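Trainee: Listed in order, the protein sequences are those of chains A and B. Residues in the first sequence are numbered from 230 upward in steps of one, following our numbering. Residues in the second sequence are numbered from -14 upward in steps of one, following our numbering.
Simulated from the structure, these hints should not be mistaken for lab results. Be a bit skeptical, because a hint or two may be false.
[To be verified] For lysine-lysine, the following DSBU-like pairs were computed, each having C-alpha atoms within a straight-line distance of at most 35 Å:
#, chain 1, residue 1, chain 2, residue 2
1, A, K300, B, K54
2, A, K240, A, K300
3, B, K54, A, K325
4, A, K240, A, K325
5, B, K34, B, K54
6, B, K54, A, K243
7, A, K325, A, K286
8, A, K286, B, K54
9, B, K34, A, K300
10, B, K34, A, K240
Bear in mind that the values here come from a model prediction, so they are computed numbers and not experimental data.
Each chain, letter by letter, is given below.
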Amino acid sequence: DTGVSQNPRHKITKRGQNVTFRCDPISEHNRLYWYRQTLGQGPEFLTYFQNEAQLEKSRLLSDRFSAERPKGSFSTLEIQRTEQGDSAMYLCASSKDTVYGYTFGSGTRLTVV
Amino acid sequence: AQSVTQLDSQVPVFEEAPVELRCNYSSSVSVYLFWYVQYPNQGLQLLLKYLSGSTLVESINGFEAEFNKSQTSFHLRKPSVHISDTAEYFCAVSGRNTGTASKLTFGTGTRLQVTL
């Protein structure tokens, strides 16, 4: 068990560019979650998958955001036409069946300049 | 829907002193409650959780929290803090029913700063 892995750790991009983040969950975990954390705030729920199905999306997830989890394994979070307000830490977590055992990754810090 | 209030954004404390980090929640359904700790440039680590049973839950590193349903609180305490406890602490809640049990709602966090 190597934990939840997120790549890259840091990403600096120019406004208007597209970015993609990757999350590799713990292998036996069937649930995968994305959260966003801005400075001075707690993490905010974005979306979650059970296996390959995306079961819930927050209203925070605008049309510029899309997440996938092909084959129920790793997940990607893409942001199109980035804006400065997208600058945040993007956290991925995984769990087995329930919320009891959430394991978070170290996050991807996005800076939009 | 659930919400969490952490009234103290920062709590300075001397090493070996006791500390309490306050957490109040709001929910229309029964809840699970959690405390997470975040060290600089790292993800969140689960500190302790209340799912059911005894209202007093403990972590392996000396923290404890008590679920108080009447006061809708889940305050975190430690009788004697160490320098290494310096971190950001987040209280979180999720609903017990199947639909809402999938996501956590976090508070804004409390920065615990332990000094000599």
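Trainee: Would you mind marking each hint as holding or not holding in the structure?
Mentor: Okay, the hints, checked on the actual structure:
1. For the hint linking A:K300 to B:K54, the alpha-carbon distance of about 41 Å lies beyond 35 Å, and the restraint is violated.
2. A threshold of 35 Å between alpha carbons decides the hint, and for A:K240 with A:K300 the separation of about 26 Å falls inside it, so the pair holds.
3. Taking the CA atoms of B:K54 and A:K325, the gap is near 27 Å; set against the 35 Å cutoff, the hint holds.
4. For the proposed pair A:K240 and A:K325, the alpha carbon gap of about 29 Å is at most 35 Å, so the pair holds.
5. Straight-line distance between C-alpha atoms of B:K34 and B:K54 comes to about 15 Å, which keeps the hinted pair within the 35 Å bound.
6. For the hint pairing B:K54 with A:K243, the CA-to-CA distance comes to about 48 Å; that exceeds 35 Å, so the pair is violated.
7. For the given pair, A:K325 sits about 19 Å from A:K286 by alpha-carbon distance, which is consistent with the 35 Å threshold.
8. With a CA separation close to 29 Å, the supplied pair A:K286 and B:K54 stays within the 35 Å bound.
9. Distance check on the hinted pair: B:K34 and A:K300 sit about 31 Å apart at the alpha-carbon level, within 35 Å; holds.
10. The suggested pairing of B:K34 with A:K240 holds, with an alpha-carbon distance near 33 Å, which does not exceed 35 Å.
In this structure, the earlier hints numbered 1 and 6 are contradicted, and the remaining ones agree with it.
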